[in-house]
Amino acid sequence: MIRVQHLTKSYGSFRAVHDVSFEIERGEVVGFLGPNGAGKSTTMRILCGALVHDAGLVEVAGARLPHQGAAARARIGYLPESTPLYRAMRVDRFLDFAARAKGIGRGDRRAAIARAVEAADLFGYLGRRIEQLSKGYRQRVGLAQALLADPDVLVLDEPTSGLDPNEVVRIRDLVRELGRTKTVLLSTHVLSEVSELCPRVLILSGGRLVADGSPRALASVRRTALLVRFAADLGATRGSFDALEGALEVEELPSARGAALRLFAEDADALAARVLALVQRAELDLVELRHETPTLEEVFAAHTSGRDERFADREVNA
Amino acid sequence: MAEPNASQRSSPAPLQGAPPTRRQAALTALLASLVFLATARFAERHLSARVDLSEDGLSGWSDASAAIVGRLDDLLSVELFFTGAPKHAAAQLHRRRLLDAFDEFQSLAGDDVRVVLSDPNASFEDRQRAHGFRIFGVPMAEQSGTSRVQQNVYFGAVLRYRGLEEVVPFLSPVTLEYDVASAVHRLIEGERPRVGWFVGTVPVPEDERGDGPAFATDTDFAALRRHLEARYRVEDVFGLESGVRVSSALDALVLLAPRELAPRAAFEIEEYVRGGGSLVVLADRSRAEVEARRLDGYATGLEDLFAAWGAPVSDEVVWDRTSAHRAQTTSGLGGAAGTIEYPLWVDLREATSAGPGARFDGTSPVTARLRQLILSWAHPIEPAAPVAGVTRRWLAQSSENAWSVESLGLLEVDPVSIEATTRQLIAGDARPERLALAVALEGRFPAADANALGPDSLGPDALDPTSREPVPGTGRARRSEAAVPARVAIVGDADWARDRSVVAEEGMSLIGRQAASLLENLVDWGVSSDELVALRARVPSDRRLVDFERRALEAEGVVEAEGIRGATQRAERARSRARTERLTWTGVSIGGSLVLVAAIVAVAFARRRAVTVVEDAPERRAGGEA
Amino acid sequence: MNAVGRIHAVLRRELGAALDAPSAWVAAAAFALALQTLFFFAGYPIGDLRFPGLWEGRVASLAVLFAWLPPLYAVLAPAFTMGAWAEERRAGTEELLLTWPLATWQVVVGKFLASWLLLMVATIVAAVPAALVVASLGPLDWGTAVSGAIGAALLGAGCVAVGLVVSAAAREQLVAFLVSALLLAGAWSVALFLRVVPGSIAEWFYLVSPQAHFLDSAARGVFDTADAVYHLSLVALALLVNWRMVEARRRG
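Protein chains in written order, with my numbering: chain L, 1 to 318; chain B, 1 to 626; chain Z, 1 to 252.
Chain L extracted, bound-state conformation (with noise of 0.2 Å):
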């Protein structure tokens, strides 16, 4: 459905996207994830026609952009960052106009205003103007706009920032509804949320494609950890850890009362038996005693820790 290939976009002499490629089949639910300035919203803008990028092939639903730009356009749905509207217009009004500039013919328009509107949960509130809504509303609205032309790609920039708990968890169950029947390309901050809604996840940073691949893949690749807390010092014992088989590393961990230790393994399971060996060798007050898999934060923190070259020059000296 996409395809991206070496993918090159530059604002003057600041490079936002560097020979990115990947390819997103129908039916995926895909997120985005990476810092800020990282080129996510450069790509899905590049991806949506808004943008014309530099070098590389980007082809949607088939259509080679920018030159095919009005027949991608007409397949995909796109909800920008700061959700743009009209604000003075009414919401009716307002989908009524977009069904139209979409190209919606008079007989099917009422249906796909209706669709979007339902699928967006936005009865009740058609005949207000757009300025008078919550953000939480004005976000649905833009996804109705996306949704009017029923299209088969979804890109939605950061739909739920700024969004209180109860509109973000209403969004994201519209998200995982949607993802069922259309692809989607979402990009968000919230890694709780990409867990939950994309199988897979495409990480950028510096403008270049640094990881991608499901999130359990991903993770996968860190170190699993167990984590022991005791009720009191250790003392001597806590050298034993080290010597453990297929303790990797041990962390101390600041504790308020008693210790807490983090031991990496390859094996946890391996790992907790022999601690547990070992606690009750030495009679330890065993407290808590937990696997700890990498979360998706730490993968993120890995893959884009590094310095942004990109912004070397205007670093301040510390």
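If you're looking for bench data, these hints aren't it; they were derived computationally from the structure. Every residue, glycine too, gets a C-beta built ideally from N, C-alpha and C. Be a bit skeptical, because a hint or two may be false.
Said to hold, decoys possible - Part of the chain Z face toward chain B, derived, beta carbon under 8 Å: (1) Trp-25; (2) Arg-58; (3) Gly-138; (4) Asp-224; (5) Met-245; (6) Glu-247.
Said to hold, decoys possible - The calculated label-pair distances, taken between Cβ atoms and stated as ranges, are: (7) B:Leu-47 <-> Z:Ser-23: 36 to 42 Å; (8) L:Ser-13 <-> B:Asp-103: 57 to 63 Å; (9) B:Asp-315 <-> Z:Ile-150: 54 to 60 Å; (10) Z:His-8 <-> B:Phe-605: 21 to 27 Å; (11) B:Leu-31 <-> Z:Leu-178: 22 to 28 Å; (12) Z:Ser-23 <-> B:Gln-24: 32 to 38 Å; (13) B:Gln-24 <-> L:Ala-71: 22 to 28 Å; (14) L:Ser-13 <-> B:Ala-38: 36 to 42 Å; (15) B:Asp-315 <-> Z:Pro-139: 36 to 42 Å; (16) L:Leu-248 <-> B:Gln-24: 55 to 61 Å.
Said to hold, decoys possible - Where chain B lies over chain L, by a calculated footprint (3+ residues, C-beta under 8 Å): (17) 92 to 100; (18) 116 to 129.
Got chain L sorted already, so can you dock chains B and Z onto it with the hints?
Below, chains B and Z without anything else, positioned relative to chain L:
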């Protein structure tokens, strides 16, 4: 900063269908401006086709001009002596409009016309030649600050055709068409039409008579004659009563106040008309001696002829209540001056709509653009049975509130006796009616009687004025063949054309110009230059607004003597009323605009309440209130 | 849905937005007030064509009305068009328009038609009552009035097209307004300098000014096809440049 590869890849060329860069867009803007300028220039030069939508239709050349130009067989060369670079904007505008008009003229005429420009301001030679043609510059001066810009601007033209020349010393866009078309017409005709001029005799006052004749030739009507001489060769006609024929070379004959013409003279005139000549008669049958307060009636001598032609001129005068002239009089008793309405003087005004209300025939080019005419002691042209072969149409008529009254021996010009007479007329048997005051006859005119011979000329004492030889007192055979179609115009009054009615302090008065226009039109019509009459009718029509001041002053009864500037209370009241009226109308206009704006606002508010595009059904909301 | 339908959609939206905003009504009312006051009382005392106000001149003519249209349009047209593109940029809705399957030229044409229609409505609101008043007080030359109306429509189209291009190029509404007002007022005032400038350049100046293409012709009752070409080519070229400029936004 950027790597060389990247900069190559970010150059705009490689991607197909890529949008323009900012620089390219700016370049497009620049190119577009240049293309625009070039297109505008090209359109100005080659794509200009003008259509005149204004009602007056003064811009552009009418069909009449096209018809005249169509008769050109040889090359007409037009040399325009125009100032090439006028310094004053008004002159620049003037020049531009004239050149545009001549462009159109050139395209109208095609190859038959060649227009050439000469610049008297730039070339000494051209200036000399212009002066030779009596084309002189008009000084234009303008003061701007300390500098004074002065220039003599030339806008003259010389037209040449087949060895003849016509000069128009100063062209104005308004009269351009008439000036040029009539000049072309004259060139095509080759000669100016010849118009015969005959003024009726006047009685010599008794105290001056002595032993001499009782009647003398009248030297009146000189102003209008001078006016006609600009375009015609006006020749006196003599000796009709002695049997001198009216030359058939004359294109028209104008009789001004003929008085008791001898039967032979009437016969000569009849022969002329039946031979195809055109006749314009100002047939007045009364002469007022104002100081003596007498109105003397007489016969023209053409009564039989008029009767035969179906347009008998009555010896009674018109008394018109509605179109009465407002005259200023001084009371003979040394009282205050005042204005009275004098119904014996008919003040004909242009009616804005043609039809029964009009005083002038709006369809005839002779009277179509006539604005005003004052006929004093006019004689109506009586209705008569139609004469076979002759069509009669009225050119000027009174209001419906008019009577035909006997020529009063005594003239009473005070309001009291006028009132009395009016009341008498209203009470009397005669009903008020519309009376014809000028008619146009066209066709083959019958003879006055059936005699094969015309009446005798005056006796052997008569001398032919040209040859100074006695003319035998003989009759002559009347024309026997069928008459040639001719045109005759008869007006029941001659006073409107007299010098005292026409001349003002400097040149002609406003009403004098109207009189001149009418006479010229009548002659043009007679000479069958219908095209020129039609052209002459093309003057800007009077588009004056309702004069609130005048209306208010009239309503208040303020008369001329108090004057528009009079400071009486009534005048003040009238003026403030006029002011109020003006403000009211302005208010109506602005109010109208505000009403329209309010309508727009109403639409805007209605829009807010309008039903949603898709039914807004709150019960279908999936979750609770946000 | 074909191109006409989409242009119509843009047109509807723009007109709806203008209708909702009180600034549009206020502008129309102010224009009407200004034009009529000038027409009835002040006349046109500028330059070489000096006309007195209606009450002073006492002639049933709309010449003063037509004479004031070019300078007033130089202010009103920018007022109507200043937000057309600048506002979209500010609110971010430009991005929407660029990502919808809506051709840029359709948006350009739709915005042009909307602004032009607004200008024409404002003109009708201001001029028609005055014309009717004059017609009821004297014999108004309706032929000249109609030809002047057609000329005003063309002139308005040109002013609006210029205003839109400037709005597309500018980043802020105020800048767009000032620049386009200056451009249009400059073009109008060019005729005032005709006498100062040498002959050959004067010819070009005259070509550019609305005096040549409106006041001298259509306002006097003479409709010249060269004038139509002038205005229509201005509109076409301005819309073309407008389109290029908006498309250039895709470059980032």
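Going down the list of hints, with the structure as the test:
1. Trp-25: Nearest chain B Cβ about 6 Å off; hint holds.
2. Arg-58: Holds, about 5 Å.
3. Gly-138: holds (4 Å)
4. Asp-224: holds (5 Å)
5. Met-245: holds (5 Å)
6. Glu-247: Glu-247 of chain Z check passes; min Cβ-Cβ to chain B is 4 Å, inside 8 Å.
7. B:Leu-47 <-> Z:Ser-23: 36 to 42 Å: Check passed, 39 Å falls within 36 to 42 Å.
8. L:Ser-13 <-> B:Asp-103: 57 to 63 Å: holds (58 Å)
9. B:Asp-315 <-> Z:Ile-150: 54 to 60 Å: Given range 54 to 60 Å: holds, Cβ gap about 58 Å.
10. Z:His-8 <-> B:Phe-605: 21 to 27 Å: Once the Cβ atoms are compared, 24 Å apart, the range 21 to 27 Å for Phe-605 of chain B and His-8 of chain Z holds.
11. B:Leu-31 <-> Z:Leu-178: 22 to 28 Å: holds (25 Å)
12. Z:Ser-23 <-> B:Gln-24: 32 to 38 Å: The hint (32 to 38 Å, Cβ to Cβ) holds, given that Ser-23 of chain Z and Gln-24 of chain B are roughly 35 Å apart.
13. B:Gln-24 <-> L:Ala-71: 22 to 28 Å: holds (24 Å)
14. L:Ser-13 <-> B:Ala-38: 36 to 42 Å: holds (39 Å)
15. B:Asp-315 <-> Z:Pro-139: 36 to 42 Å: holds (40 Å)
16. L:Leu-248 <-> B:Gln-24: 55 to 61 Å: Taking Cβ atoms as reference, Leu-248 of chain L and Gln-24 of chain B lie about 59 Å apart, which means the hint holds.
17. 92 to 100: holds (count 4)
18. 116 to 129: That given contact holds, which follows from 8 residues of the segment 116 to 129 of chain L lying within Cβ reach (below 8 Å) of chain B.
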